[in-house]
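J.: In case you want the letters, here they are:
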Amino acid sequence: MSDLYGEILLDHYRLPRNKGQLVGETLSVEGKNPLCGDELTLHLKLDGDRVSDISFEGNGCAISMASASMLTEDLKGRSLAEVQRRIEQFRSFIRDGKEPDGEPLDDISALAGVAQLPVRVKCATLAWTTMEQGLLQVKQS
Amino acid sequence: MSDLYGEILLDHYRLPRNKGQLVGETLSVEGKNPLCGDELTLHLKLDGDRVSDISFEGNGCAISMASASMLTEDLKGRSLAEVQRRIEQFRSFIRDGKEPDGEPLDDISALAGVAQLPVRVKCATLAWTTMEQGLLQVKQS
Amino acid sequence: MLLGRDVRKDFPILNVKVNGKPLVYLDSAASSQKPNAVLESYCRFCEQRYSNVHRGIHTLGEAATGDYEAARGSIAEFIQAPALEGVIFTRGTPESINLVAHSYGKKFVKHGQSIVLTPMEHHANLVPWQLVAKFVGAELRFIPMKSDGTLDLAEARKLIDKTTAMVAVTHASNVLGTINPVGEIVELAHKVGAKAVIDGAQAVPHMPVNLREMNPDFYSFSGHKMLGPTGIGVLYGRPEILNDMDPFLTGGEMIREVYLDHATWNDLPYKFEAGTPAIAEAIGLHAAVRYLQEIGMERIAQMDHYLTTHALEKLASEPDIALYGPLSQRGAVTSFNVKGIHPHDLAALLDREGIAIRAGHHCCQPLMRWLDVQATARASFYLYNTADDVAALIEGVRTARKVLA
Amino acid sequence: MLLGRDVRKDFPILNVKVNGKPLVYLDSAASSQKPNAVLESYCRFCEQRYSNVHRGIHTLGEAATGDYEAARGSIAEFIQAPALEGVIFTRGTPESINLVAHSYGKKFVKHGQSIVLTPMEHHANLVPWQLVAKFVGAELRFIPMKSDGTLDLAEARKLIDKTTAMVAVTHASNVLGTINPVGEIVELAHKVGAKAVIDGAQAVPHMPVNLREMNPDFYSFSGHKMLGPTGIGVLYGRPEILNDMDPFLTGGEMIREVYLDHATWNDLPYKFEAGTPAIAEAIGLHAAVRYLQEIGMERIAQMDHYLTTHALEKLASEPDIALYGPLSQRGAVTSFNVKGIHPHDLAALLDREGIAIRAGHHCCQPLMRWLDVQATARASFYLYNTADDVAALIEGVRTARKVLA
Ligand SMILES: Cc1ncc(COP(=O)(O)O)c(C=O)c1O
Ligand SMILES: Cc1ncc(COP(=O)(O)O)c(C=O)c1O
Numbered sequence: 001m002s003d004l005y006g007e008i009l010l011d012h013y014r015l016p017r018n019k020g021q022l023v024g025e026t027l028s029v030e031g032k033n034p035l036c037g038d039e040l041t042l043h044l045k046l047d048g049d050r051v052s053d054i055s056f057e058g059n060g061c062a063i064s065m066a067s068a069s070m071l072t073e074d075l076k077g078r079s080l081a082e083v084q085r086r087i088e089q090f091r092s093f094i095r096d097g098k099e100p101d102g103e104p105l106d107d108i109s110a111l112a113g114v115a116q117l118p119v120r121v122k123c124a125t126l127a128w129t130t131m132e133q134g135l136l137q138v139k140q141s
Numbered sequence: 001m002s003d004l005y006g007e008i009l010l011d012h013y014r015l016p017r018n019k020g021q022l023v024g025e026t027l028s029v030e031g032k033n034p035l036c037g038d039e040l041t042l043h044l045k046l047d048g049d050r051v052s053d054i055s056f057e058g059n060g061c062a063i064s065m066a067s068a069s070m071l072t073e074d075l076k077g078r079s080l081a082e083v084q085r086r087i088e089q090f091r092s093f094i095r096d097g098k099e100p101d102g103e104p105l106d107d108i109s110a111l112a113g114v115a116q117l118p119v120r121v122k123c124a125t126l127a128w129t130t131m132e133q134g135l136l137q138v139k140q141s
Numbered sequence: 001m002l003l004g005r006d007v008r009k010d011f012p013i014l015n016v017k018v019n020g021k022p023l024v025y026l027d028s029a030a031s032s033q034k035p036n037a038v039l040e041s042y043c044r045f046c047e048q049r050y051s052n053v054h055r056g057i058h059t060l061g062e063a064a065t066g067d068y069e070a071a072r073g074s075i076a077e078f079i080q081a082p083a084l085e086g087v088i089f090t091r092g093t094p095e096s097i098n099l100v101a102h103s104y105g106k107k108f109v110k111h112g113q114s115i116v117l118t119p120m121e122h123h124a125n126l127v128p129w130q131l132v133a134k135f136v137g138a139e140l141r142f143i144p145m146k147s148d149g150t151l152d153l154a155e156a157r158k159l160i161d162k163t164t165a166m167v168a169v170t171h172a173s174n175v176l177g178t179i180n181p182v183g184e185i186v187e188l189a190h191k192v193g194a195k196a197v198i199d200g201a202q203a204v205p206h207m208p209v210n211l212r213e214m215n216p217d218f219y220s221f222s223g224h225k226m227l228g229p230t231g232i233g234v235l236y237g238r239p240e241i242l243n244d245m246d247p248f249l250t251g252g253e254m255i256r257e258v259y260l261d262h263a264t265w266n267d268l269p270y271k272f273e274a275g276t277p278a279i280a281e282a283i284g285l286h287a288a289v290r291y292l293q294e295i296g297m298e299r300i301a302q303m304d305h306y307l308t309t310h311a312l313e314k315l316a317s318e319p320d321i322a323l324y325g326p327l328s329q330r331g332a333v334t335s336f337n338v339k340g341i342h343p344h345d346l347a348a349l350l351d352r353e354g355i356a357i358r359a360g361h362h363c364c365q366p367l368m369r370w371l372d373v374q375a376t377a378r379a380s381f382y383l384y385n386t387a388d389d390v391a392a393l394i395e396g397v398r399t400a401r402k403v404l405a
Numbered sequence: 001m002l003l004g005r006d007v008r009k010d011f012p013i014l015n016v017k018v019n020g021k022p023l024v025y026l027d028s029a030a031s032s033q034k035p036n037a038v039l040e041s042y043c044r045f046c047e048q049r050y051s052n053v054h055r056g057i058h059t060l061g062e063a064a065t066g067d068y069e070a071a072r073g074s075i076a077e078f079i080q081a082p083a084l085e086g087v088i089f090t091r092g093t094p095e096s097i098n099l100v101a102h103s104y105g106k107k108f109v110k111h112g113q114s115i116v117l118t119p120m121e122h123h124a125n126l127v128p129w130q131l132v133a134k135f136v137g138a139e140l141r142f143i144p145m146k147s148d149g150t151l152d153l154a155e156a157r158k159l160i161d162k163t164t165a166m167v168a169v170t171h172a173s174n175v176l177g178t179i180n181p182v183g184e185i186v187e188l189a190h191k192v193g194a195k196a197v198i199d200g201a202q203a204v205p206h207m208p209v210n211l212r213e214m215n216p217d218f219y220s221f222s223g224h225k226m227l228g229p230t231g232i233g234v235l236y237g238r239p240e241i242l243n244d245m246d247p248f249l250t251g252g253e254m255i256r257e258v259y260l261d262h263a264t265w266n267d268l269p270y271k272f273e274a275g276t277p278a279i280a281e282a283i284g285l286h287a288a289v290r291y292l293q294e295i296g297m298e299r300i301a302q303m304d305h306y307l308t309t310h311a312l313e314k315l316a317s318e319p320d321i322a323l324y325g326p327l328s329q330r331g332a333v334t335s336f337n338v339k340g341i342h343p344h345d346l347a348a349l350l351d352r353e354g355i356a357i358r359a360g361h362h363c364c365q366p367l368m369r370w371l372d373v374q375a376t377a378r379a380s381f382y383l384y385n386t387a388d389d390v391a392a393l394i395e396g397v398r399t400a401r402k403v404l405a
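Residue numbers (our numbering), protein chains in the order written: chain R, 1 to 141; chain Z, 1 to 141; chain G, 1 to 405; chain U, 1 to 405.
List time: in silico DSSO-like cross-link candidates among lysine-lysine, alpha-carbon distance up to 30 Å:
#1 Z/122 with U/402
#2 R/98 with R/76
#3 U/110 with G/110
#4 G/134 with U/110
#5 Z/122 with Z/19
#6 G/402 with R/19
#7 G/134 with U/107
#8 G/339 with G/21
No lab work stands behind these hints: they were computed from the structure.
This structure is a prediction, so every number in the text was calculated from the model and none was measured.
Using the sequences and the hints, build the whole thing.
T.: Written out as structure tokens, the structure reads:
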């Protein structure tokens, strides 16, 4: 556990990127982790097939909030297909604690310690499963 | 356990006293020990307030059959009040394994070992609880 | 008052290092650690006297049955149970309460009657009653709490009325620490002809419990919270009520006669103990009870009180800490929140220092809503804790604050 | 084939003297003895890694949760369970079957449908179905047995028909030793759209079990009969069916969200594990599975077969002995009666010689009626038994005959 609250994670927690509402958002998605009480809203602005802007609001532990901050930083500007690929990369990373092949995870790799902490996995993944819900909504509309 | 199947008990088992039906019986009572399968019928002949004759029939383990044999030998000729007292003495004896005060138990004391064997207590007491049922029936009629 | 230090040697796990630091175990309300005496008793039984119980006509069968029933006897005495045959072994508090809900509740609570609970119930003493209420069409009522987390007895007197079939209340709250006046509540229930079910999971480990005085209809607790093994708990039920109830689990031992199409039931307590019970766990629980009795429950209650009061004082003198629960009359738990730190993070950061506390809803989600928090941090104490553990907790909270500030 | 002798050193209880004689333990079908490996694993866990599971954000909580889930994984693999989330920890076979009866049977079996059983079922796989049948108004049907104590499959094909909702059959009989063709029975059930519930209490300890091949809807067994601790057992259920079922016991861990008046349920398998589970017992069962796997279930089955066949031959060559059950395809139990000796007396007299057998109805009263006996004597074998034990049994029977002749 000792390496989980490292500098990168704490930096995202203390100075969250893209926190707040988003003017002119295309849609927002809510996520919740009932067992922990973590709550999260992702705001997305789409430009065609691309996430041109993204922000989050929420309430929860440092892991869930830092993970949301990392997500916004990582996904901003990506195409929906890339977003889907990133979500899958993240899943595999959180399961194994190892960086998967492909594009490096950068800051996100600071969450590696979570893989050994089943109780915290849901905190770290909340933002990502919420984003996946967002993708589904986009596809359906 | 080793002293339970002693000479007195085996003697009652091999050569049961008062086994069989009873001509001119006043009443018969059935007892059963469903968990063991032991079955017993007591036949009683009353002469006023006195058990003038008694016999048993049944099917069961050596303890239950020997105990029935001992019962018939012990109770034959006694008044109903004495029978009740004997039943109570027997109960206390089987619980503690110690001869209670009062009239000695004679052969019945061979059942002392049962007190340490909760599983067999029901075998040893079957005849006696059946007899008590008989007393109840007599009182009610 | 050096109980904690004196008994620590009996608990091997307290020598474990966590993240390089000596373990400071402050999570006994979730589950307590096991003294050598319990583990030795468990193993000795399995190595020398083990067999199935009740049905065996052999020496080991008699030995195991004797030990198992001796455990029942000793536990009955420990809680001053009015009747030995009312003491039923279960897996733990939830099974005990589910047994009552299924076998008493679904049969005897009638449409339109009410079941009275409190907002501080553990899910184990709430969800089963929700299902009973739904099944029979009964109403759930909740005794309001005062702002300090104690029950409003004046309101309880109004709520518990002629419609009330059952009153289900925890003896001690696992979050607030509140010790409820269960004797009075039982009386209120009995006055209107209702049955009282008391959840003793947090009480039996920590204070003398006297069921003769309290006079509940049902009382339940878990072995693993009182130094005993997991997998065993107790339901005490008033025998005349248990006799009227249908069995809960069915199978071996609880039957008298079985035919292809129907069956009849065994006497108490066996009627409610289906199948091979947790035999070795009962023997382990017996050892735990002996261990607790040797120290004395009064003394344990005093020690718990001392540590809890001490911890509350220390926490209160830290900045930005919210404390929950009453200030007096409380059990050995302290729930709190540090402003700006999610309790999960606090727990994780304390763990870096070797300190184990619990963070979350503590299986009391409705109470979290009442407190208007997502979760709390909870440090809970038991006889092996010391003032040093409290000092470590405070130090750890300060460190966490520095990390996340 | 000297398995018995090789492993005896691992079972400390086998050194115990009973009535001055070395213990000859022939009652493993009631409950098996525990090897050192299980007790050590149990204690090591309690001494080094113990805490409650699932809810703790601290190192011990993670360790205990990891060990508990590793136990689930290893047991899933041991029985070749098709899905890990279908493996639910219970107290034992009876709780497993009660869970299915309550949560599946009472909900999905409809009025006028039939539940198909056999006359050789243990009460644990009979009484719960009697209650379901009564509750929903279903019919109980029994697959007839041939005179050797095997099922008449031709009759089963007729009995299991469009009305059939469930088929509940034991994998191996605890009295006759019969090993039933459960794969075929599952197929018969599935052909008519019925669910198959298999009682594996006497199978899992004694033979390789492959649920992927057998394909049952539910399968249950008990830890204490397979070298594991008491207080723990397993239900395997097909996840899609478990998902459709309501929870059985309610309380902690099995919930997702709880409000004052209602609650929602957790994912599998937790939905069916209410409250603090038998944590240390799961760890002990894991050790038992490891121990069995190291020896190999094929080898254990062979050894059981050898001892059982040997015992049957020896008993058959004694005068006035009635043997029950088939001659081949059988598990490690031999049931018999000695003419003129009640089995309780036989058991008591064998005990004088240090020999532990079981006598009674073995929780199979309907089967006793089918056999037309009050009770039977039963000697059952396991991997720690040897041909010497069989010899002692035969000698003991001769002595008993002399005493009671
Ligand atoms: C076939 C069968 N089913 C169920 C059971 C009951 O299991 P337990 O002993 O764990 O209650 C037994 C045990 O004797 C059994 O043999
Ligand atoms: C008040 C209360 N009731 C019930 C329970 C549930 O008991 P167990 O942990 O044995 O499932 C707990 C345990 O946290 C509790 O604190």
